[in-house]
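Novice: Sequence:
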Amino acid sequence: MKSLQRICYLILAILILFPFTSCSSFSYRKGNSKDNMKVKTLKNGLKVIVKETHSSPVVSFHMWVKTGSSYENDKTRGMSHLLEHMLFKGTKKRKVGEIAKEIDSAGGMINAFTSKDVTVYYLTIASRFFDTGIDIISDAIMNSELDEKELEKEKKVVLEEIRMGEDDPERSSYKGLFLTAYDVHPYRYPVIGYKETVSAVTRDTLMKYYKERYIPSNMTLVIAGDVNCNEAFKKAAEAFKNFKDKPLKNTPLPKEPSQKELKFKTAKKSVKQAFVKIAFHIPGIASKDVPAIDLLASILGEGDSSRLYKKLKLESALANSVYAYSMTPKNPGLFIVSLSTEPNKLDKALLTTLKELKKITAEEIDENELQKAKTSIESSTIYAQETVNGIAQNIGSNITLTGDINFEEKYLKRV
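Read in order, the letters of the sequence shown are residues 102 to 516 in this note's numbering.
Think of the hints as simulated: they come from the structure by calculation, not from any bench.
Hints may be right or wrong, so weigh each one.
[As the list claims (entries may be wrong)] Ranges between beta-carbon positions, derived for each pair:
1) Asp-505 with Lys-312: 27 to 35 Å
2) Asp-467 with Pro-353: 40 to 48 Å
3) Glu-487 with Glu-313: 46 to 54 Å
4) Lys-364 with Lys-196: 16 to 24 Å
5) Lys-139 with Tyr-295: 19 to 27 Å
6) Glu-313 with Lys-250: 22 to 30 Å
7) Thr-142 with Lys-514: 51 to 59 Å
8) Ala-418 with Asp-268: 38 to 46 Å
9) Gly-146 with Ser-371: 46 to 54 Å
10) Ser-417 with Glu-510: 34 to 42 Å
[To be verified] DSS-like mimics (lysine-lysine), calculated; alpha carbons at most 25 Å apart, straight line:
11) Lys-196 with Lys-257
12) Lys-296 with Lys-369
13) Lys-389 with Lys-345
14) Lys-196 with Lys-139
15) Lys-342 with Lys-256
16) Lys-350 with Lys-414
17) Lys-250 with Lys-202
Treat the numbers as computed from the prediction; the structure is a model and nothing was measured.
Glycine included, C-beta positions come from ideal geometry on N, C-alpha and C.
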């Protein structure tokens, strides 16, 4: 008799439907106040934005670099992410481990992340240690040594992340989704890269990428917190005075062709559930349609009161999990519906999901349902700006991805 705990081979369904056109009948993020916020471009091309807010004695430094997995090629997949792991590892001035110790002794925190469009480094510290903060982030950005021994350690860390991702059905399904959704645009490739490309990275190749992409005119420094704007600008200019600019070799990203027919992909995994991804092509973040698309995502699949959750979880128990969201990067993104279910419920769960998607395009949205979605979006946007880290994150995202420092304010007016 076979064990009930045996691992089943289930179908992983990935659906990409026809390009999605948002409903213009939707109309509805509260943005950063222009008060006490100034923007300057230094002589070397580095854009500096300072947001003065004295709600707490803290300051956050965010360096936004316009480079991510989209700017890599077949030989450098994953290099942006690997470089992010390495930047704070040490400089000529600060040896391996000294940056972390210095920040820790001042009660601060450092972190970073890489996306398809950008790499972001951030440091938050008590405002009385402003000089320490600006010195550390400028030193790391300009003078990282990319220590060879540390590089080999971080390569092992990333390779383990890749291996774990291959074993994780949820992450595997997303990887398959993007490879299926995009035919030519580099959004189809994973930010983390591949085992072969990460293994092949040397200090020389990583240093070359670092020196080519990390130049003043390709970056924006955001400083938010308990500071004086004029003093902050002076200290930023002094900290980056030796940062030389040079021409950026940017190859235009290929334009994704219009999708003409349904795409469908399945993959077998040794897991106990089926994982389904359904996606529609949508415009990038700067589009006027994005507020409507975000509202649609909220109504369909955000929270216990959303349509898909009620239909597939509460009413029919067809799904173990279900949610919807809009991925709106700089370039055209995806509206994604994700669900997991038991293998014997897969067909019915999929059919029910598709019926709900069709239903929402054919009927008017209830006013109470719409108002709840608007309130949810506005609240989450405001809550995200309760800290100086959140404020700096918001400003950096606005200016880097849309070119409009007031994007969030305009977004909320449309919601």
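Novice: Verify the CB-CB distance for Asp-467 and Pro-353 against the hinted window 40 to 48 Å.
Specialist: 44 Å, holds
Novice: When you check the alpha-carbon spacing of Lys-350 and Lys-414, does it fall within 25 Å?
Specialist: Distance of about 50 Å is beyond 25 Å: violated.
Novice: Using the Cβ atoms, figure out if Glu-487 sits within 46 to 54 Å of Glu-313.
Specialist: The hinted range 46 to 54 Å is violated for Glu-487 and Glu-313, with Cβ atoms some 37 Å apart.
Novice: Falls inside 27 to 35 Å, the C-beta gap from Asp-505 to Lys-312?
Specialist: With Cβ atoms ~30 Å apart, the hint holds.
Novice: Would you check the hint for Lys-342 and Lys-256, treating anything up to 25 Å between C-alpha atoms as holding?
Specialist: 32 Å, violated
Novice: So the hint says 34 to 42 Å: do the beta-carbon atoms of Ser-417 and Glu-510 match that?
Specialist: 41 Å, holds
Novice: Are the Cα positions of Lys-196 and Lys-139 separated by 25 Å at most?
Specialist: 34 Å, violated
Novice: Do the Cβ positions of Gly-146 and Ser-371 conform to the proposed distance bound of 46 to 54 Å?
Specialist: Because 51 Å falls inside the window, the suggested range holds.
Novice: Would the hint linking Lys-389 and Lys-345 be met if the CA-CA limit is 25 Å?
Specialist: Not OK: Lys-389 and Lys-345 at ~37 Å, beyond 25 Å, violated.
Novice: With a cut-off of 25 Å on the C-alpha distance, tell me whether Lys-196 and Lys-257 pass.
Specialist: Holds, because 21 Å separates the two Cα atoms, which is no more than 25 Å.
Novice: At the C-beta level, are Thr-142 and Lys-514 separated by a distance inside 51 to 59 Å?
Specialist: Violated, since Thr-142 and Lys-514 (Cβ atoms, about 27 Å apart) do not stay within the stated range.
Novice: Look at the Cβ atoms of Lys-139 and Tyr-295 and judge whether their distance stays inside 19 to 27 Å.
Specialist: Taking Cβ atoms as reference, Lys-139 and Tyr-295 lie about 43 Å apart, which means the hint is violated.
Against the hints set out earlier in the document, violations occur for numbers 3, 4, 5, 7, 8, 13, 14, 15, 16.
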